[in-house]
Amino acid sequence: MTVDDELSRALAELSRTLTPQPDPYGRARARYRRSRQRRLGGLVLALVVSVGSTAFAIASPGRTTQPLPADPTESIAPVLAWSDRLLQSPPRGAVAGDSSFVGQLSEQLLAAQRRGEFSRLKVPVSGVKILFADDVDDHRVALAAFVRDQPDPVTGWPSAAVWLVADKGASAQEVASTAAIRSVSDALQPYESLAVDDAEAAHVAIAPAGCVFLSSPLPEGDTFRWAPEPTGSYLVRTAKTHRPEWWRVDCGGVTRKTTPGPGSLATKPITDAQLATAMSRVRGSVEQQSARQLVYQWSQSEGYRLTALPRVVWGGHLAGLPTGLADTPAAGEPSLEDGQVTVLAAPTVGGDWVGEVSIAPDQPRSDGVLSTGTSFTTTADPTDPAGVLAVSIDDDDGGSEGQQLLLVVTPAAATTVRVLRDGQEVAKSAVSGSGTTVQVPRPTAGLVVEALDASGGTIASGQVAKQGARRTTETDTWDQE
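Numbering of the sequence shown is given in my numbering, commencing with residue 1 and proceeding in unit increments.
Hints listed in this document are in silico derivations from the structure and should not be mistaken for laboratory results. Treat each hint with caution, since some may be false.
Simulated pairs of lysine-lysine, DSBU-like, Cα-Cα distance not exceeding 30 Å [said to hold, decoys possible]: (1) K122 x K240; (2) K268 x K240; (3) K168 x K268; (4) K122 x K168; (5) K428 x K466.
The following label-pair restraints were derived from C-beta to C-beta distances [to be verified]: (6) T472 x T267: 23 to 31 Å; (7) T267 x K428: 42 to 50 Å; (8) Q403 x D137: 54 to 62 Å; (9) R281 x Q439: 47 to 55 Å; (10) T231 x Q104: 18 to 26 Å.
Idealized CB from N, CA, C, for every residue including glycine.
Make the full structure from the sequences, and use the hints.
Structure, rendered in structure tokens:
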């Protein structure tokens with residue numbers, strides 16, 4: 001197996017262990033987002049992540065209230081209120097019913113924190129409360145929240161959280177050990193979750209008491225089949241009960257969260273048969289091994305937002321591509337680069353198509369970036385070989401001035417691309433290998449892109465795809481009253 005293969009698999013495995021937590025709280029985003037730390041050594045990816053999970057264990061009976069951060073913004077106040085509801089909820093899970101275990105674990109964690117054993121949690125803490133404890137597959141899993149004496153001076157959050165994972169049946173002392181720490185978060189979110197092993201195995205999610213989890217098998221289009229979970233305000237999936245599905249959290253009859261469950265349609269590296277299907281309608285030129293890796297990695301990233309494995313739409317080598325698709329290039333590096341471009345697309349829950357444009361530059365970058373790219377959303381099937389796909393491949397900021405670079409994929413018979421606004425031609429470019437780039441005036445909204453054959457006749461037309469992967473089916477309304 002090549003180094004590229006090993007790295008691809010390592011990155012995919014890493015993405016499987018992460019549970020993305022949306023951050024919809026507007027102005028509070030920068031101040032309140034959880035910090036994440038990653039280390040990369042050789043081909044081994046070691047992860048220390050705050051996954052939006054928080055837990056709380058109180059060393060003594062009674063209510064422990066979170067002090068509000070100084071000058072909370074209007075947008076974060078409801079989140080803090082829901083967070084406090086989670087904090088005040090009784091411990092959930094079968095093991096949490098053992099009051100002796102819960103009490104011992106609370107005391108052990110508080111003592112360990114005060115001895116300085118939590119490297120990312122050094123500030124004074126007034127109490128610890130256990131929110132979840134249960135045996136899941138071969139593990140004992142616990143969620144504990146730590147209430148600070150004062151809100152974090154950087155993030156403003158009043159409490160932190162730790163997910164702990166030890167062997168099934170472990171004692172409170174074993175669960176409280178530093179070896180059991182799976183993740184640390186500086187913020188107790190209203191919704192907390194953890195992938196215990198990986199996304200296709202054990203998983204735990206929890207919401208405030210009184211809320212209800214519902215689940216649905218992977219829907220076709222936007223047709224869900226919701227059913228309440230027997231555990232009520234928390235949800236557990238084991239290796240045996242894991243399935244392609246979506247989750248929903250309702251609180252007081254109001255849906256607060258809708259999200260895909262953990263995992264993806266590509267549970268293993270892409271097979272030859274799957275690759276043949278993915279490449280069956282490809283235009284241009286794409287190397288198969290590269291396509292295999294991209295299909296697998298993007299499947300892992302998108303998870304059960306997709307209703308089918310991605311297909312390869314187009315591939316080709318292009319010159320003069322913007323480097324701004326990643327971080328700003330280092331001083332002395334060019335702002336444009338040449339590279340191999342690959343376009344993927346897949347149908348999503350909700351009925352739209354999402355796509356990814358991946359650009360592998362010819363020359364290595366000093367900042368270590370191996371590839372750049374951009375995503376898009378469209379209602380038409382971009383894999384249709386008779387259709388036109390037009391995608392903005394640099395930052396389309398919606399302004400009314402300047403030029404915007406489009407990547408256009410055409411039918412095989414096309415020789416020219418013409419771009420119109422209000423019936424007037426604004427740009428034109430020759431086509432090679434069913435693809436081309438063309439500079440067009442901003443904004444791209446309202447532009448019509450036509451593919452012309454050698455005689456000048458229009459053989460296909462379409463509009464510019466929307467930039468970004470829209471998440472209209474997913475919801476997160478903890479920031480609302």
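For each hint, the structure was consulted:
1. K122 x K240: violated, 39 Å
2. K268 x K240: Holds, at about 17 Å.
3. K168 x K268: holds, 27 Å
4. K122 x K168: Holds: K122 and K168 sit about 29 Å apart, inside 30 Å.
5. K428 x K466: Within the cut-off at roughly 21 Å; holds.
6. T472 x T267: 23 to 31 Å: Since T472 and T267 have Cβ atoms about 26 Å apart, the given range 23 to 31 Å holds.
7. T267 x K428: 42 to 50 Å: Because 46 Å falls inside the window, the suggested range holds.
8. Q403 x D137: 54 to 62 Å: Holds: the Cβ-Cβ distance is about 55 Å, inside 54 to 62 Å.
9. R281 x Q439: 47 to 55 Å: Because 28 Å falls outside the window, the suggested range is violated.
10. T231 x Q104: 18 to 26 Å: The hinted range 18 to 26 Å holds for T231 and Q104, with Cβ atoms some 24 Å apart.
The earlier numbered hints that this structure contradicts are 1, 9.
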